[in-house]
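Asks: For reference, the chains in residue letters:
2 protein chains.
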Amino acid sequence: MEAIMIYMPAVLAIIGLIYMWVKRSWVMKQDSGDGKMKEISAHIYEGALAFLKAEYKLLTLFVIGASIALAAIAYFVPTTHYLIIIAFIFGAFFSALAGNMGMKIATQTNVRTTQAARTSLPKALSVSFGGGTVMGLGVAGLAVLGLTGFFILFFNYFMGGEWTNTEQMTVVLETLAGFSLGAESIALFARVGGGIYTKAADVGADLVGKVEAGIPEDDPRNPATIADNVGDNVGDVAGMGADLFGSYVATVLAAMVLGNYIIKDMGGEIISEGFGGIGPVLLPMAIAGAGIIISMIGTMLVKISSNDAKESQVMRALNIGNWVSIALVAIICYILVKWMLPATMQMEFFGEGLKEISSMRVFGATIIGLVVGGAISSVTEYYTGLGKKPILKIVQQSSTGAGTNIIAGLATGMISTFPSILLFASAIWASYAFAGFYGVALAASAMMATTAMQLAIDAFGPISDNAGGIAEMSEQEPLVRERTDILDSVGNTTAATGKGFAIASAALTSLALFAAYVTFTGIEGINIFKAPVLAMLFVGGMIPVVFSALAMNAVGKAAMEMVQEVRRQFKEIPGIMEGTGKPQYDKCVAISTEASLREMMLPGLLTIGFPLAIAFIPMIFGMNNLAIAEMLGGYMAGVTVSGVLWAIFQNNAGGAWDNAKKSFEAGVLINGEMTYKGSDAHKAAVTGDTVGDPFKDTSGPSMNILIKLTCLIGLVIAPILGGHTETDIPNQEETAAVYNSENDNNIISKEVKMEKTTENDYVTAYVVVTKNKNGEEVIETFEFEGTESEVRKKVEDIK
Amino acid sequence: MEAIMIYMPAVLAIIGLIYMWVKRSWVMKQDSGDGKMKEISAHIYEGALAFLKAEYKLLTLFVIGASIALAAIAYFVPTTHYLIIIAFIFGAFFSALAGNMGMKIATQTNVRTTQAARTSLPKALSVSFGGGTVMGLGVAGLAVLGLTGFFILFFNYFMGGEWTNTEQMTVVLETLAGFSLGAESIALFARVGGGIYTKAADVGADLVGKVEAGIPEDDPRNPATIADNVGDNVGDVAGMGADLFGSYVATVLAAMVLGNYIIKDMGGEIISEGFGGIGPVLLPMAIAGAGIIISMIGTMLVKISSNDAKESQVMRALNIGNWVSIALVAIICYILVKWMLPATMQMEFFGEGLKEISSMRVFGATIIGLVVGGAISSVTEYYTGLGKKPILKIVQQSSTGAGTNIIAGLATGMISTFPSILLFASAIWASYAFAGFYGVALAASAMMATTAMQLAIDAFGPISDNAGGIAEMSEQEPLVRERTDILDSVGNTTAATGKGFAIASAALTSLALFAAYVTFTGIEGINIFKAPVLAMLFVGGMIPVVFSALAMNAVGKAAMEMVQEVRRQFKEIPGIMEGTGKPQYDKCVAISTEASLREMMLPGLLTIGFPLAIAFIPMIFGMNNLAIAEMLGGYMAGVTVSGVLWAIFQNNAGGAWDNAKKSFEAGVLINGEMTYKGSDAHKAAVTGDTVGDPFKDTSGPSMNILIKLTCLIGLVIAPILGGHTETDIPNQEETAAVYNSENDNNIISKEVKMEKTTENDYVTAYVVVTKNKNGEEVIETFEFEGTESEVRKKVEDIK
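Those sequence lines, one after another, are chains A and B. All residue numbers for the first sequence refer to the numbering used here, where the first residue is 1 and numbers rise by one. All residue numbers for the second sequence refer to the numbering used here, where the first residue is 800 and numbers rise by one.
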């Protein structure tokens, strides 16, 4: 049993994918309704494909460019292997594939949900949630399959499928980081580009259609209406999917890296503990694999029986599925932790030395992750939920105009950081107290285990939203719309909590990556009392702010292009307003697609360029590598702290404005008077929503990618900066690379070791392996002692 | 000459204060105009006094409470002396006195400026700038006099006026920190309370007066109109004055602390280098003192001769004064650095060991400070200046409604963090590279040296603004208003750059305090790879966001109270609308005053409570003091990084919205059409300005106080956390306190010393001084060796 545990997660992922395929076939077999419905749905489907096509074009160029950069890194850094390129390409490919599948099923489930709603509400729920399930299991299944598959591959390639030492495992995991980097790069395109797309199409369609031409929303005569509907899928389905795909992979990877360091802390070998001596490395994968099966079970529990069910019953059905999944994850974590980890482990705690940690403390950390994941979702729901105090306050403030509405919304978003950050800080503290940074990473892993379930719930929202739109456009009887409205309303709530889950997972993932980065580079922590590190903390803190501004401006620009195209079509296509001329939907889709992908270049460049600049520019000027690593660490911390804050602020402010506006639909009591849509207060609330749209759908969610990608880039270039290349034993091929780089033919290798003896005195051992005249190897050792700065200088000279 | 250098800064401050008094007499001798003018001015003056009275009441309570807390600290911590209470009270008193003087002169200069404008423009400028000069020199003079006076006092009291050792100098400077804490506490009241006051009165007056009653702005029938005018002085004059008073004092103090550590790094004594061996400690005071005389000279250069001068000529006059001051500071820094510092110094650089630093590198750091101070002001001017690209963009976006105007304004504020933070990070890096954190502190000191000049320019703005209002209300001929308008327009520009200067100075001050904190506690830097430290970095980052939200909400609440009072007066006072019944101005002033002071309690509590909670709650749970110190350091860094970002974002967004709105007064070109006040685009711009008002006048500027006060609180409680109590030699009284606290009558004292030997092994020396039977002292020493955690446990046991 123990021997096959390395293959188990991949097997579970495949089971998940098979179930997904079955579910997909079932959904596809559902009736897709009459001609009009089919036509609308087909347009949305084609639009989504058009976006994917354009995205893939750009993507291919990006993947080629990034692969060349990775090849350069692999060339210069002995511990980075060329296989990282393969891992990167597959990471990108799997993520794109998952997005493709998700988009396709979502755009095909919508019309089937409308049709099912003509029969009954339980049927409509099972169809729409079925589509969500396909999406969720597809994303999670591919993530786990890809990651574990490549791990098996690299573990066999580099280590012959058997434990050798932590240094070689580090090489395996560094190479595996390429897969994660590939996935997260696609997420940048999907999340940021998708965010720009959806709002550009939305604003563009509204501005010309509703305001200038005076036709209602979702009117098929509006050339941008399909782009608008596609946008919902591009942003909420594909964007969210790619985001969580990236988080899932990165979290598991980071936990594996930190697991490897436990083995190191325990003396470099724990083979006697079973699982081939790699229990702590396998555990995160095992939890991820089990999570897929658990999510499968969870999705099966989501059903209602009554045709007269209301929102609360639908919500309860979703909650039951979700809570059961979380409870099952807790149970399986207990079992797996107890089974796979040594009963007690030694872990190095910074500044506190080695500590004995029982495996039950690791279980404690996973519970922290599950609890905090749920709690942050609840906080999000409180600050953005209809009928809750913060929303009612914004509604009240709308009565004195748009200005006070905006101030109230901004203040709500800002205040919401208080409980969120305190929860989050407690999670870091507690999970670290339980089991060090391995605990933090496993808290994230446990939280992410239900990703498939979370995504199913997330994707169900936009599917129901689209279903309602199709019902409206194809003029179904009111009952159908009522049923889809119930689903849509529940979907709005889950959309907000889903964003809370996404940022919580991104934040914990980033921390785990951050910890992995520090261990990879071998630096002694990140001391912000060093001025260059502090300066980079400031620069890092600034990046999310500027990124958000760029994303917001991008929406404005892209929307303007859409406006011009719609105006052109209204002018140039004869009979378009009478319904006789067919609007060129694809042109609008193309504009939205191209504009969004183009406009995300600058924020993307910012994300990728800054960490590279911080690493390589000082290197050119001859700065010490470890000092650079520390600076980059400061930058990563700055981006993460500021990014999490701005994500919570923007998501919650946007969500709050949105629901404050929606409150007017049912009517609200302001100063003792019932106030409805069309009132001045409502108009003020609409202004707030306009501001909130890019906040919650573009810049806010993009923060997730920004912080994860920043930390991943750091992790991938860590070996270049890292001190561990000096003490690690590289495998055959890489050692050869070191040999070749030497000019003196007699010198086989040079190795420098530094050892701290007292606070200021270092001993450096300088080992040279040369050939003597007979071709035999001769090992010579020189020692040198001095103050830290003297030794560092000496080491640089020797190198 | 060298011997009297310790007294020189105080003498220069007194010269500055004498010049201020002369200038004040000159201003007061100016004609204050006719009856109507006098009446309006008298109302504003009385309102200002009413605010001061209420503030002092609250202040007294606060000072008493804080003094008790400080007494408790002094009781428990041997190295904290009771004199810190005296220093604290005087710091508070001097700051309040400076604010009092500034408010009084500003509210008396306004009417004299109006009267002078009836004669000529040059005369009007010289009167209004004369008032500003009184304010500037008063604040700066009192700051330098207070700080240097107390230094002389404590230096004589603790050290007998002669160098003994760095430990005793640390006691002197720790006690002196009380003065700075007192000053900054008052700044909290003045800046935050003032910010709430000015916007509450503004919004309250507008909402009932302009909107409901339909009377024009500044109409004397509006009971809130005086409160509104008082608000300008409370916020822009007193708030800014207290802010810069606090920065000035804190910067010099922090530089002195770091100067003391240079002496420590150089072996603990540099008496042979002259200046009684305290050159590095005296230098920051000397620069501050010289800065007062330089500012005096600078203010004398501000004059115009032509009665037909335009804005550009007035601006040039101010700029000449400013630039000459800055150039003179550079020259005096060169002279003082060369004269007062050893030609080469040893400084400990983190992780790099001791370095030889020539005094010219310290001069380099001061140049960095001067350059960056100017550059950040320029950046501010670019992003908020009339006619500049960012403003034009917001104007364009106003044409599509309030929503797009808001997005554009937010984006502008966010983008403006890019150059500001890069400049700021470069300043940290470069000044540190030149001369360590002493370099950073001296960069701040050099920048702050022209504080008096900066304040003169700042205060000149609201004086001219008020002068214009008085001209309007007292119905002067148009020429008078034209002249005051020229001054007012220049004042608007200087207001924006002044905010840039204030945040830059607050940020550098905080960093210097942060560095002083680390050296005070004796921790080995702040390692954010420790999870509790990282958690506190997150919490610290959240505080400025929540603080800003609270401040914004406070404005809303206070404004609502004002609205109710104005409504009541309109209803209850007979003949008020006809001008026969006199409005109760004082009631509105009282409401604004009380509401503002009450509403600032919660943000104030947040500011003061969080660092105390972080320090003391873990202490109760028995956490290691050094670990707490590191956590608190992480918190301070989080507050500073996030606070600087949010200050820049909010100030610049608010300034940009304001000027976008003002652009419509002269007319703007939107889509090829000239658009003016009253257009839809203008209305959208007004909405933006409503949002921007609390941003730029309340929450944004409050960030300065938040970050400085946080770091100061850290500095004051540093000795409680610090490891240096274990190795420092306390003076007589404090040693006595330690003796008394022992239960065993034979034990005279216990002392624990920890010494690092290798990375993980510590040696701890445990010294007990006891009396033998003959009453003679016996010294016993125990040694103990082990891993870090073992030793730490042992140390805790011994304690």
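Simulated from the structure, these hints should not be mistaken for laboratory data. Possibly wrong hints are sitting among the right ones.
[Claimed, not checked] Just the calculated beta-carbon pair ranges, DEER-fashion: (1) B:T1379 x A:A666: 47 to 57 Å; (2) A:K662 x B:W1122: 54 to 64 Å; (3) A:G609 x B:D1107: 45 to 55 Å; (4) A:G65 x B:K1109: 19 to 29 Å; (5) A:V211 x B:K1188: 45 to 55 Å.
[What the hints assert, rightly or not] To spell it out: a stretch of chain B is covered by chain A in this simulated footprint if at least three of its residues, at any positions, have a beta carbon under 8 Å from a beta carbon of chain A; those stretches are: (6) 1213 to 1220; (7) 1338 to 1347.
[Stated by the list, open to error] Cut-off 20 Å, straight-line C-alpha distance, at most; resulting in silico cross-link-like pairs (EDC-like, lysine to aspartate or glutamate): (8) A:K210 x B:E838; (9) B:K1009 x A:E212; (10) B:K1188 x B:E838.
Ideal placement from N, C-alpha and C gives every residue a C-beta, glycine not left out.
Asks: Could you run down the list of hints and mark each one as holding or not?
Replies: Each hint, compared with the structure:
1. At about 50 Å, the CB distance of T1379 of chain B to A666 of chain A agrees with the hint of 47 to 57 Å.
2. In this structure, K662 of chain A and W1122 of chain B meet the distance hint of 54 to 64 Å, their C-beta atoms being roughly 56 Å apart.
3. Taking 45 to 55 Å as the suggested C-beta distance range, the pair G609 of chain A and D1107 of chain B conforms, at roughly 52 Å.
4. Range check, G65 of chain A to K1109 of chain B: about 54 Å between beta-carbon atoms, so the 19 to 29 Å window is missed.
5. At roughly 28 Å, the beta-carbon separation of V211 of chain A and K1188 of chain B lies outside the given 45 to 55 Å, and the hint is violated.
6. Counting residues of the stretch 1213 to 1220 of chain B whose CB lies closer than 8 Å to any CB of chain A gives 5, which reaches the minimum of 3, so the coverage claim holds.
7. Figure legend: the stretch 1338 to 1347 of chain B, annotated as covered by chain A; annotation consistent (6 residues with Cβ-Cβ distances under 8 Å, at least 3 required).
8. Taken as a hint, the K210 of chain A and E838 of chain B pair is broken in the structure, with Cα atoms around 56 Å apart against an allowance of 20 Å.
9. Of the supplied pair hints, the one linking K1009 of chain B and E212 of chain A is violated, its CA atoms being roughly 34 Å apart against a limit of 20 Å.
10. This hinted pair does not check out: K1188 of chain B and E838 of chain B have alpha carbons roughly 43 Å apart, beyond 20 Å.
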